[in-house]
Amino acid sequence: MVFTSTLTTPASNLSQNLSQQSCKALYPYKRNHYRFEDFFAFNQAEGTLRDWHESRNILASEDFIVALIQGLEKEVGQAASLLMYNIGQEWGKQDATFFQGWFEEQYQQSLQTCRPTLALEAWWWPFTSQGWGNWEVDLENQQNGFMFINIFDSAVARTLGDVGKPVCYLYAGLFAGFFSHLIKKDLSCIETQCYAMGETYCKFLLGKQDRIDAASFWQTEGATARDIEKKLYNGEYLR
Amino acid sequence: MLTQLKQLSIEAEGRFATASELAFLTEYLASAPKRLSAYEKIHAAQEQIMDEIEADLTAIDAQAFMKGSRDVSEICRRDRKDTLRYTAAAMLFNDLSYLRDGLLLWQRTIVHAVQDQKASALTWREMPEVLRRHLTPEEADLIMPALQVNQALLN
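Read top to bottom, the protein sequences are chains A and B.
All residue numbers in the first sequence are consecutive under our numbering, ending with 920.
All residue numbers in the second sequence are consecutive under our numbering, ending with 183.
It cannot be assumed that every hint is accurate.
[Claimed, not checked] List of simulated lysine-lysine pairs, PhoX-like, C-alpha gap at most 25 Å:
#1 A:774 / A:866
#2 B:109 / B:95
#3 A:711 / B:34
#4 A:711 / B:109
[To be verified] One side of the interface only, derived from the structure: several residues of chain B facing chain A at Cβ under 10 Å:
#5 29
#6 33
#7 53
#8 56
#9 110
#10 114
#11 126
#12 129
#13 130
#14 133
#15 135
#16 137
#17 138
#18 140
#19 141
#20 143
[What the hints assert, rightly or not] Here are the simulated distance ranges between beta carbons:
#21 A:819 / B:154: 29 to 39 Å
#22 B:145 / A:710: 20 to 30 Å
#23 A:914 / B:165: 49 to 59 Å
#24 A:779 / B:34: 25 to 35 Å
#25 B:54 / A:708: 46 to 56 Å
#26 A:710 / B:183: 23 to 33 Å
By construction, these hints were calculated from the structure, which means they are not laboratory data.
C-beta atoms are modelled at their ideal positions from N, C-alpha and C, and glycine is treated no differently.
Put together the whole structure using the sequences plus the hints.
Laid out in structure tokens, this is it:
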């Protein structure tokens, strides 16, 4: 879990971290650096854990995730899901800016001119190393104003187990925030199927507000992820 | 082997390792000279191996290294060399997780992102035959498990 960006890390600390993170110090442009040993660097003196991009990380247990979600529900009731979504959205916006900086430095090409699928894989790999799960992006329907993202092994859903409803609001917000910032258009996201509903993986629909509003309405009416997909492919939207 | 050694160092903390726990080490040490020999041969012949695989692939599919009208053979050659080096190191250390976790899982997503599955699958399907020309049968057998992981993931 990314705790905070460390853009303000003093130079002396930075060089100390780099000396401990030998893989990065030796091979700063190595792209396949996502093994746990390569990606993270423990600083025992400081008691900190930093990743390849010098962001401060914390290791969070499943108990932490359960406590976070149940604590929020206790504090704000049903608004907890919206709150998690908004937290994710803000995180996604900030991470898009952060990502653009390191991607362009590491890949020596502009985010606007590179192949979108390559940039997206580059963006998600740190999340995979951090334990947020593997992903799969389906850009096929981008021209129709929506796309699907599958998450395998969601940290939130895996922790909460089968609770019979979608629970990955943080992820939905993260995708909405990141992609909105990336393409400079307001996008929303909804989880249409979730590991916590007994499915084998989580599926997110990302798109323009009208598509997401429609999907949300159909979901409330009892539509499954497959029903929603069919309706979208058939061009059904709310008017 | 490195992964197994690391695991053993954790599991045998505070006691001596048993003979069965050390069996992998005995096995590895017995095969180490052949592993080293194979590694050095691949290192020495890497450019020739690249030329041969390129010729073989082009014979199978003349468009193997073309993306539309763009010739990407130099990029493919660079990536093949990197992967072969990792593969040889995985054989040397007898550590497939080094190969899988350190390179292939990442590379698989990049191959899919740039839609190079076809050339990639073809490359690692043909590579065993090319390497057999440079190694003894015993040395070739040692690198086959790593090549099979490449085949399974880079397609």
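Evaluation of the provided hints:
1. A:774 / A:866: 12 Å, holds
2. B:109 / B:95: 20 Å, holds
3. A:711 / B:34: With Cα atoms ~24 Å apart, residue 711 (chain A) and residue 34 (chain B) stay inside 25 Å; holds.
4. A:711 / B:109: 15 Å, holds
5. 29: 16 Å, violated
6. 33: 14 Å, violated
7. 53: With a closest approach of 21 Å, the residue 53 (chain B) hint is violated.
8. 56: 21 Å, violated
9. 110: 9 Å, holds
10. 114: This hint holds: residue 114 (chain B) lies near chain A, its Cβ roughly 9 Å from the closest one there, short of 10 Å.
11. 126: Because about 9 Å separates residue 126 (chain B) from the closest Cβ in chain A, which is inside the 10 Å limit, the hint holds.
12. 129: It holds, given that the least Cβ distance between residue 129 (chain B) and chain A is near 5 Å, below 10 Å.
13. 130: 5 Å, holds
14. 133: Holds: closest Cβ of chain A sits about 8 Å from residue 133 (chain B), inside 10 Å.
15. 135: It holds, given that the least Cβ distance between residue 135 (chain B) and chain A is near 7 Å, below 10 Å.
16. 137: At about 5 Å, which falls below the 10 Å cut-off, the nearest Cβ of chain A leaves the hint on residue 137 (chain B) intact, so it holds.
17. 138: At 6 Å from the nearest chain A Cβ, residue 138 (chain B) passes the 10 Å test, so the hint holds.
18. 140: 8 Å, holds
19. 141: 4 Å, holds
20. 143: Holds: closest Cβ of chain A sits about 8 Å from residue 143 (chain B), inside 10 Å.
21. A:819 / B:154: 29 to 39 Å: Cβ of residue 819 (chain A) to Cβ of residue 154 (chain B): about 31 Å, so the range 29 to 39 Å holds.
22. B:145 / A:710: 20 to 30 Å: 25 Å, holds
23. A:914 / B:165: 49 to 59 Å: 54 Å, holds
24. A:779 / B:34: 25 to 35 Å: 33 Å, holds
25. B:54 / A:708: 46 to 56 Å: 34 Å, violated
26. A:710 / B:183: 23 to 33 Å: 27 Å Cβ-Cβ, so the 23 to 33 Å window holds.
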